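There are 2 protein chains.
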Amino acid sequence: MGRWQPDSRGRLQEAALALFAERGFDQTTAAEIAAQAGLTERTFFRHFADKREVLFGGSEVLKDRIVAGVAGAPKSNPPLDAVARGLDAAAGMLGEFRRDLASQRHTVIAANPELRERELAKVGDYAAAVATVLRRRGVGEPQATIAAEAGMTVLRVALERWAGGHDDRGLAVVMNDAMTQLRMVATDS
Amino acid sequence: MGRWQPDSRGRLQEAALALFAERGFDQTTAAEIAAQAGLTERTFFRHFADKREVLFGGSEVLKDRIVAGVAGAPKSNPPLDAVARGLDAAAGMLGEFRRDLASQRHTVIAANPELRERELAKVGDYAAAVATVLRRRGVGEPQATIAAEAGMTVLRVALERWAGGHDDRGLAVVMNDAMTQLRMVATDS
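Respectively, the protein sequence lines represent chains A and B.
Quick note on my numbering: the first sequence kicks off at 614 and runs consecutively.
Quick note on my numbering: the second sequence kicks off at 614 and runs consecutively.
Hints are not guaranteed to be accurate.
Which copy is meant is left open, so a pair is good if it fits within one copy or across any two.
In silico SDA-like cross-links for lysine to any residue, where the CA-CA straight-line distance does not exceed 20 Å [as the list claims (entries may be wrong)]:
id : residue 1 : residue 2
1  : 676       : 726
2  : 664       : 794
3  : 676       : 730
4  : 676       : 750
5  : 688       : 797
6  : 735       : 686
7  : 676       : 782
8  : 664       : 645
9  : 664       : 709
10 : 735       : 649
11 : 676       : 654
12 : 688       : 801
13 : 664       : 723
Honestly, the hints are just simulated from the structure, not real lab data.
Please read all numbers here as calculations on a predicted model, not as lab measurements.
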């Protein structure tokens, strides 16, 4: 351990991810997370509504960033190019996280069907929000939903590759590459 | 009511969907479904493990059909063309259902976050199975996962349009059209 100590929230997240990874999500309590972080259970609940929020607490902010990225794309951008702006924004935010923590989070979620369903539902929320922005930009249906969902597929695949340790490059590069792969897969016929 | 009576399983499905749509999924019991169908609760549990299975009971068969469709595509087919064969198989199976029942099912699931998560997870299972078949056909990663996930996006969008009453054509046509839209969205840049 270096001399630098992260803030309480960061220490709780680190402790939670370590315990989830070691014992499993269901076998870990908020009290144990707090103890591991050298903090009280009360402090835990000042930062998180429950232990699941340690994993999903950032998802509303992430959704807002993605939506802002899409909404801010030049008017002339075709739908999937606008979605790519949203993915750039997501990569900018997520890429700042420590990759070892992102990787632990990924492993914990992959191991638990309920958490996997929750994660899919969150990404489904992002897709619905992105489709709404695209419709506001004048994109019709089903194009808006298809572009939004395809973009969120790119997000999930890139995150999986990056956090899963299958690709050592930065998240923005991995994301960009996944988008290129989608375009190639879709044109190859 | 005509003179024809569907089998017990079909009567239970019809009764369940009507009650789910009328009262909500959580407010409906297996006993009520059985009573509505003029059958005993014991008969209900001979056909379904629980009331959720009325909505999701066919999903393993559907997954097998999709996988068989992809696996049976000509070796020369690029990944997304092979996936399209799987979607044809899905449309063939699902298109045989009565559209009014598919529409009720769609409405019931859309109204319930837990059921929505379950439905997304099922489609995620299909995507994982399709990606496995594609890898067996020699497709690398991330192309296999991207093609599989993009294909399942097409499935979901088409089902939503068809069962949601946004498109009056047959499911196979709606599915085919959604695939074309995906290809257009992906090339437009």
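Verification of the supplied hints:
1. 676 - 726: Classified as between; 18 Å across copies, 22 Å inside a copy.
2. 664 - 794: Cα proximity of residue 664 and residue 794: none, with 36 Å in one copy and 41 Å across.
3. 676 - 730: The answer is both: 17 Å in one copy and 18 Å across copies each meet 20 Å.
4. 676 - 750: The answer is within: 18 Å in one copy meets 20 Å, while 36 Å across copies does not.
5. 688 - 797: between (24 Å within a copy, 19 Å between copies)
6. 735 - 686: Neither, since 23 Å and 33 Å both go past 20 Å.
7. 676 - 782: This pair counts as neither: shortest intra-copy Cα distance 23 Å, inter-copy 34 Å.
8. 664 - 645: within (11 Å within a copy, 37 Å between copies)
9. 664 - 709: Close neither inside one copy (22 Å) nor across copies (44 Å); limit 20 Å.
10. 735 - 649: neither (28 Å within a copy, 36 Å between copies)
11. 676 - 654: neither (29 Å within a copy, 45 Å between copies)
12. 688 - 801: between (28 Å within a copy, 14 Å between copies)
13. 664 - 723: The answer is within: 16 Å in one copy meets 20 Å, while 27 Å across copies does not.
Hint compliance for this structure: hints 2, 6, 7, 9, 10, 11 are broken, all remaining hints hold.
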